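Now for the letters of each chain:
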Amino acid sequence: MGDTGAEEVLRAPHALDYTYTRSVGPVIGAFLTGLRQGRILGATGAGGVVTVPPTEYDPQTGERSGELVEVGPAGVVSTWAWTDHPSADQPLDRPFAWALVTLDGATTGLLHVVDAGSSDAMSSGMRVRAKFVPEADRRGHLRDIECFVPEASS
Amino acid sequence: MSGQAPEPVAVLETPIHVDYSFTAGLAQSRFLKGLAEGRFLGQRCPRCKKVYVPPRGSCPTDGVPTTDEVELGNTGTVTTYCVVNVPFQGQAIEIPYICAQILLDGANLAFMGLIQEVPADQVRMGMRVEAVWVAPDELGPTMSSVKYFRPNGEPDADYETFAEYL
Ligand SMILES: [Zn+2]
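Residue numbers (this note's numbering), protein chains in the order written: chain A, 1 to 154; chain R, 1 to 166.
What the hints contain is simulated information worked out from the structure, not anything from laboratory work. Source: prediction; values computed, not measured. Using N, Cα and C, we set each Cβ at its ideal position, and we do this for glycine too. One should not assume that every hint holds.
Computed footprint of chain R on chain A; a stretch qualifies when at least three of its residues, placed anywhere within it, have a C-beta under 8 angstroms from a C-beta of chain R [to be verified]:
1) 13-23
2) 30-40
Cβ-to-Cβ under 7 angstroms is the rule here; a few derived chain R residues that face chain A [what the hints assert, rightly or not]:
3) 16
4) 19
5) 20
6) 29
Okay, chain A solo, but in the shape it has when bound (with noise of 0.2 angstroms):
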């Protein structure tokens, strides 16, 4: 090796990309294809809880989940973390919170995003609704809720 003084050393980016593609099986697929049609689903269970998202099988007891009901599209957030540098991936491409939300007529709280512009619109207790992408955009997925709002501001 005829060079002298510091090597350089190679450097280069790395992408990694997969798929996966799961089966939803019967009770998340009619959560799904409701939210395609702009409805929230929960499962009933022992003692009234109303699970949402929905499960199979009741998380407390571990029966056979009951019958889907329809819950929301509004409802009282319980607990948020504010993101003030959303990631490419994000759901929103501006700051935001993150938040449990319990729906009206559910019992446990579903994460997903609060668009309430700054950190100081946002409180435990406050309530929010769903905002739902165009029906044409819609394609059986969580995001097809684009964000909850406060409720005052919908």
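Following the hints, put chain R with the ligand in place on chain A, whose structure we already have.
Using the frame of chain A, we list chain R with the ligand on its own:
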């Protein structure tokens, strides 16, 4: 909702995307720059004298830096191989094709390479092969600089000469 009931949702696609920035390190950078010149560059352990190609910069047996650079030739031996018959997404080569572990002459570490210019059912352990490089103006610091290996016509190597590397 419109007239006909839409198909219920049965599957969900969950794409994963991960961006790495890969840093080759000093030893592998030397190896990759060698490929850009159409050469295989390895490194020798000062203690056990084994030659590693591609080099990682240290000897896994002795734990010491491998400081001596060694240029290897263009020929080697197929230690073991597999015939790929299964198509998959993103496949670049027509099946069936052969992925082989190739031990370059003078090296003490085999690496994976394609075997071409021979029917898949005629590839065998011990087959002598040579590297076929891309055109000089297509050489780069990547394993893609080696198009594939092909039989070089020499008699097969004795099993004992590569048994240690299986
Ligand atoms: Zn060694």
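How the hints compare with the structure:
| no. | hint | in the structure |
| --- | --- | --- |
| 1 | 13-23 | holds (count 11) |
| 2 | 30-40 | holds (count 5) |
| 3 | 16 | holds (5 angstroms) |
| 4 | 19 | holds (5 angstroms) |
| 5 | 20 | holds (4 angstroms) |
| 6 | 29 | holds (4 angstroms) |
This entry satisfies every hint, going by the numbered hints stated previously.
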